[in-house]
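Engineer: Chains as they are written, first to last, in UniProt numbering: chain A, 1 to 504; chain B, 1 to 504.
Do not rely on the hints blindly, as some may be mistaken.
Just so you know, same-sequence chains aren't split out, so a pair can sit in one copy or run between any two.
[Unchecked claim] Mimicking SDA-like on lysine to any residue, the simulated pairs with C-alpha atoms at most 20 Å apart in a straight line are:
| hint | residue 1 | residue 2 |
| --- | --- | --- |
| 1 | K449 | Q383 |
| 2 | K196 | I207 |
| 3 | K196 | G208 |
| 4 | K196 | Y186 |
| 5 | K196 | R206 |
| 6 | K166 | N32 |
| 7 | K327 | E338 |
| 8 | K263 | P193 |
| 9 | K196 | P262 |
| 10 | K477 | Q450 |
| 11 | K263 | R191 |
| 12 | K166 | D21 |
| 13 | K258 | E163 |
| 14 | K465 | T454 |
| 15 | K327 | G228 |
| 16 | K263 | L249 |
| 17 | K218 | D21 |
| 18 | K310 | G286 |
| 19 | K310 | G246 |
| 20 | K449 | M385 |
| 21 | K257 | G130 |
| 22 | K307 | L333 |
| 23 | K29 | E163 |
| 24 | K258 | R191 |
It should be emphasised that the hints constitute simulated quantities derived from the structure, not laboratory data. Treat the numbers as computed from the prediction; the structure is a model and nothing was measured.
Protein chains: 2
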Amino acid sequence: MTQAESRVLCPALRNRIMSADEAAALIRKGDNIGMSGFTGAGYPKAIPGALARRIHQANSEGDRFKVGIWTGASTAPELDGALASVAGVEMRLPYQSDPVCRQRINAGEMEYIDIHLSHVAQFVWFGFLGHLDVAVVEVTGITEDGRLIPSTSIGNNKTWLDEADKIILEVNSAQDMNLLGMHDIYYGTQRPPHRKPIPLVAPGDRIGEPTFRVNPDKIVAIVETHAGDRNTQFSAPDENSRRIAGHILDFLQHEVKKGRLPKDLLPLQSGVGNIANAVLAGLEDGPFENLTAYTEVLQDGMLQLIKSGKLAFASATAVSLSTDALKEFRENLAFYRERILLRPQEISNHPEVIRRLGIIAMNGMIEADIYGNVNSTHVMGSQIMNGIGGSGDFARNAYLSMFMTPSTAKGGTISCIVPMVPHVDHTEHDVQVLVTEQGLADLRGLSPKQRAETIIERCAHPDFKPALRDYYRRALKGSPGQHTPHLLDEAFSWHLRALAGRGM
Amino acid sequence: MTQAESRVLCPALRNRIMSADEAAALIRKGDNIGMSGFTGAGYPKAIPGALARRIHQANSEGDRFKVGIWTGASTAPELDGALASVAGVEMRLPYQSDPVCRQRINAGEMEYIDIHLSHVAQFVWFGFLGHLDVAVVEVTGITEDGRLIPSTSIGNNKTWLDEADKIILEVNSAQDMNLLGMHDIYYGTQRPPHRKPIPLVAPGDRIGEPTFRVNPDKIVAIVETHAGDRNTQFSAPDENSRRIAGHILDFLQHEVKKGRLPKDLLPLQSGVGNIANAVLAGLEDGPFENLTAYTEVLQDGMLQLIKSGKLAFASATAVSLSTDALKEFRENLAFYRERILLRPQEISNHPEVIRRLGIIAMNGMIEADIYGNVNSTHVMGSQIMNGIGGSGDFARNAYLSMFMTPSTAKGGTISCIVPMVPHVDHTEHDVQVLVTEQGLADLRGLSPKQRAETIIERCAHPDFKPALRDYYRRALKGSPGQHTPHLLDEAFSWHLRALAGRGM
Ligand SMILES: CC(C)(COP(=O)(O)OP(=O)(O)OC[C@H]1O[C@@H](n2cnc3c(N)ncnc32)[C@H](O)[C@@H]1OP(=O)(O)O)[C@@H](O)C(=O)NCCC(=O)NCCS
Ligand SMILES: CC(C)(COP(=O)(O)OP(=O)(O)OC[C@H]1O[C@@H](n2cnc3c(N)ncnc32)[C@H](O)[C@@H]1OP(=O)(O)O)[C@@H](O)C(=O)NCCC(=O)NCCS
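All chains, please: the whole structure from these sequences, using the hints.
Structural biologist: Dropping the structure here:
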């Protein structure tokens with residue numbers, strides 16, 4: 001790249017430009033590395049691969065080389081996949097969704113901590129996770145006065161830049177310079193006892209700065225790249241997703257009619273995936289206008305809602321789009337920049353802000369039990385899928401917390417409503433509404449037994465209803481306590497049958 | 001009581017004074033009643049009993065009479081005991097600790113919802129729990145201009161007074177008029193989307209008013225009483241409690257030395273009970289000065305710390321003292337009024353404020369599993385003990401969240417560290433430190449497997465360590481996933497043995 005084309009506009013920093021291999025060589029065995037990246041957006045494209053090659057080399061020479069990898073959330077094969085493939089990760093946090101990574105973790109070859117996303121930055125500030133040695137952060141450009149223009153995600157980048165000893169930047173010229181102005185980096189956070197209220201009262205409030213501050217002395221390397229983000233493709237919503245979306249839309253209309261929701265609703269948070277996208281597609285045709293979103297990731301469905309004018313404003317920490325949606329986004333960046341703000345994840349997921357705004361939270365789950373406890377992370381109680389992510393930040397502090405899943409998995413052989421979940425991520429206290437394609441269970445104001453009856457009747461698949469009713473009825477007789485009746489000797493029999501390959 | 005002695009100073013309200021029986025007669029079958037009371041402080045003393053008599057009468061005539069009882073938290077035999085004894089409660093929320101109540105719930109004769117205490121008020125404002133018909137609230141007095149002087153707890157009283165159709169007041173002349181000025185009733189709350197930051201940045205900040213506002217037209221009855229609160233007696237800390245306290249104090253000193261806590265710590269939250277009291281007693285002799293507390297209930301231990309000058313300020317929602325401590329408190333009320341504020345529980349337990357202040361949270365538990373998931377509420381997974389109370393508000397949002405218990409229960413036959421808890425109130429994500437008399441497990445930055453090794457070695461009782469190690473080692477081999485290894489066919493075998501009367 002010639003100097004004229006380069007986006008490293010700060011003269012004093014130009015001498016730190018080098019290759020990815022040279023930059024990766026500055027990382028030491030055992031370092032904890034804070035990398036950018038959130039749901040496949042804004043992750044470093046070149047250094048993780050270079051580091052993986054270095055690790056592979058060292059390992060093949062018998063020199064055990066591992067690092068700690070901290071990110072915003074999930075990344076992409078070039079990062080998690082590359083490093084996990086060479087067994088280069090000692091400890092991974094706070095969220096991942098990579099197949100190779102997952103396989104390593106579940107094989108017991110890699111340590112992983114999934115953490116509430118709103119806890120990560122502050123745990124690092126507090127010194128609870130150990131020392132952060134290096135930051136590896138993708139940016140869109142470096143301004144003449146040395147400030148950093150963020151790329152398609154913010155995640156924990158502010159924290160990595162502030163806390164790491166050394167900083168390595170990837171300046172990605174495939175990211176659009178017109179992103180400048182779409183970010184809001186809040187520099188008002190403090191450690192207790194010096195904390196002040198976060199002055200944010202609506203999703204569109206600007207409380208920070210459009211660029212990252214950085215101490216130039218800490219920048220040890222700059223790598224110039226030109227590579228796109230991982231682009232998630234969405235399938236058209238399937239029948240189950242459409243039915244789940246339908247139940248949610250009916251329910252929201254009912255709540256407006258009852259006066260429990262304003263007619264333009266409240267800010268929406270939506271998990272990732274096909275069901276979430278179907279709900280957003282449903283809103284497209286629904287009666288609600290002037291909607292807002294306060295969420296983690298802006299995906300295709302929300303972009304479409306902004307385009308159509310249904311969604312007036314969206315706050316997130318990442319933009320993660322399909323190839324087509326990305327084209328639309330870039331061609332109309334000036335339009336979207338007026339309607340989207342990206343924030344650090346300690347703000348996008350902040351309990352204070354979520355509670356204040358009164359979010360309608362909609363998240364996916366693996367399974368729920370008859371009392372409404374939700375498992376979002378551990379298949380059969382021991383195998384990690386992705387991680388809790390921000391679902392707990394939203395569920396606990398939402399105005400309304402909904403969890404959704406098809407009523408069965410694995411071709412109908414597994415029920416997603418079970419007697420007892422073998423891993424709890426969200427307790428019954430944080431689950432107001434459960435939705436499957438079968439129906440919606442409104443659990444507000446219900447005791448555990450009333451919840452059980454509602455969940456079984458509304459949400460379970462007809463194939464599994466009789467067995468659930470049977471378990472519950474027998475628990476009503478045989479349980480030592482009748483507050484939350486359970487038969488501990490068979491509470492996991494469904495999972496044990498499934499593990500034995502016999503379905504539930 | 002003569003008019004000269006009466007504390008109903010507002011002339012327009014004097015004609016509403018009547019007997020408890022007359023007042024109870026204004027309550028209808030099926031009403032939802034919001035009663036005052038938090039941890040045995042400030043509950044109505046006369047009307048619950050009168051209501052219980054009325055219900056008993058109706059029931060004995062074959063007329064099924066039940067009501068819904070909503071409170072701040074636990075009350076006393078005169079309220080929960082009296083109403084539960086006559087089977088008068090259809091639905092109880094959000095927290096109780098009464099033996100008769102508990103027995104009814106666990107026998108399946110009474111519905112109960114335990115709710116995060118910070119959720120209760122807003123769920124009522126939002127209309128999520130149904131209609132509130134009557135408020136029955138104890139106050140210390142009624143001022144000439146018709147404002148209400150709160151008594152020894154605030155709890156949800158502001159919400160009950162605001163939301164109920166009818167208000168019945170108990171004016172208790174056994175409460176000290178000098179309490180006036182110790183309360184801070186915040187009237188700035190709103191429903192979303194109109195919420196603003198709560199302007200509280202230190203435990204001693206005053207953000208509200210010393211008395212309750214009330215619409216006089218809603219007051220249908222005033223009953224004059226003269227009766228003390230339930231007075232909890234504390235036994236001197238036993239050996240286990242002292243050892244738990246010792247581990248916590250060592251840990252706090254270590255954290256100060258490492259720079260992870262300021263030398264005057266951060267605001268303390270402490271659950272109720274003997275262990276909590278032992279920790280506070282330990283602070284009395286410890287090196288920390290100028291402490292503060294931001295907690296739910298102020299008990300003997302904290303009063304002592306204030307008296308000795310170690311604790312500069314305490315914010316709570318209730319004062320619940322033993323007879324001796326109450327004497328000390330009343331004799332020096334002017335002194336304590338400068339150092340104590342009582343707030344509505346939506347503020348004492350507010351996630352926004354707890355997170356901002358950076359609380360050190362210390363709560364009791366029934367049991368924890370080897371991965372750090374905590375059961376605070378359900379003995380053997382199905383029998384309710386008390387309820388989650390505010391423990392989740394504090395644990396999730398604390399700077400440091402600790403849970404403590406003796407390592408065994410029931411004469412050493414039951415281990416409080418188990419392979420898997422049969423009910424989860426606090427997930428591993430919200431538990432940074434576990435403490436038993438055996439030791440303290442610092443779980444920060446540890447993956448599930450590392451947590452298991454630490455918890456077993458540090459916290460389990462020697463009688464149960466070998467069996468826990470054995471379970472964990474076999475899970476490391478036989479678990480389908482190695483992220484959080486478990487053997488689902490024996491995860492509850494410990495509880496099943498205990499249920500069979502064979503101990504764990
Ligand atoms: C729970 C979660 C994994 C569901 O994701 P999704 O894409 O809607 O789910 P899918 O239906 O595609 O299921 C994912 C996989 O789990 C499997 N699965 C789903 N339910 C299952 C169950 N009850 N038992 C066993 N496996 C199950 C599916 O078969 C699928 O497996 P496959 O990839 O081998 O086909 C996802 O929402 C998640 O990671 N949540 C936690 C974090 C979060 O909520 N983040 C967003 C907001 S902050
Ligand atoms: C969990 C909790 C019940 C512990 O209370 P405590 O007074 O410290 O506990 P104790 O050791 O006295 O135990 C209470 C009872 O549970 C029993 N128990 C304790 N651990 C047990 C276990 N692992 N298995 C079975 N029973 C157990 C005890 O034997 C005792 O029973 P008993 O009354 O029949 O003797 C209490 O802290 C609580 O209710 N917590 C939830 C709410 C909360 O945290 N509120 C405060 C802050 S907001």
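Engineer: It remains to establish, for every hint, whether it holds in the given structure.
Structural biologist: Against the structure, the hints come out as follows:
no., hint, verdict
1, K449 to Q383, "between (29 Å within a copy, 13 Å between copies)"
2, K196 to I207, "both (13 Å within a copy, 15 Å between copies)"
3, K196 to G208, "both (14 Å within a copy, 18 Å between copies)"
4, K196 to Y186, "both (12 Å within a copy, 18 Å between copies)"
5, K196 to R206, "both (16 Å within a copy, 15 Å between copies)"
6, K166 to N32, "within (11 Å within a copy, 61 Å between copies)"
7, K327 to E338, "within (18 Å within a copy, 63 Å between copies)"
8, K263 to P193, "between (39 Å within a copy, 12 Å between copies)"
9, K196 to P262, "between (29 Å within a copy, 17 Å between copies)"
10, K477 to Q450, "within (16 Å within a copy, 39 Å between copies)"
11, K263 to R191, "between (38 Å within a copy, 14 Å between copies)"
12, K166 to D21, "within (16 Å within a copy, 74 Å between copies)"
13, K258 to E163, "between (49 Å within a copy, 17 Å between copies)"
14, K465 to T454, "within (12 Å within a copy, 41 Å between copies)"
15, K327 to G228, "within (12 Å within a copy, 72 Å between copies)"
16, K263 to L249, "within (13 Å within a copy, 52 Å between copies)"
17, K218 to D21, "within (19 Å within a copy, 76 Å between copies)"
18, K310 to G286, "within (9 Å within a copy, 60 Å between copies)"
19, K310 to G246, "within (17 Å within a copy, 58 Å between copies)"
20, K449 to M385, "between (30 Å within a copy, 16 Å between copies)"
21, K257 to G130, "between (51 Å within a copy, 16 Å between copies)"
22, K307 to L333, "within (11 Å within a copy, 63 Å between copies)"
23, K29 to E163, "within (19 Å within a copy, 61 Å between copies)"
24, K258 to R191, "between (42 Å within a copy, 15 Å between copies)"
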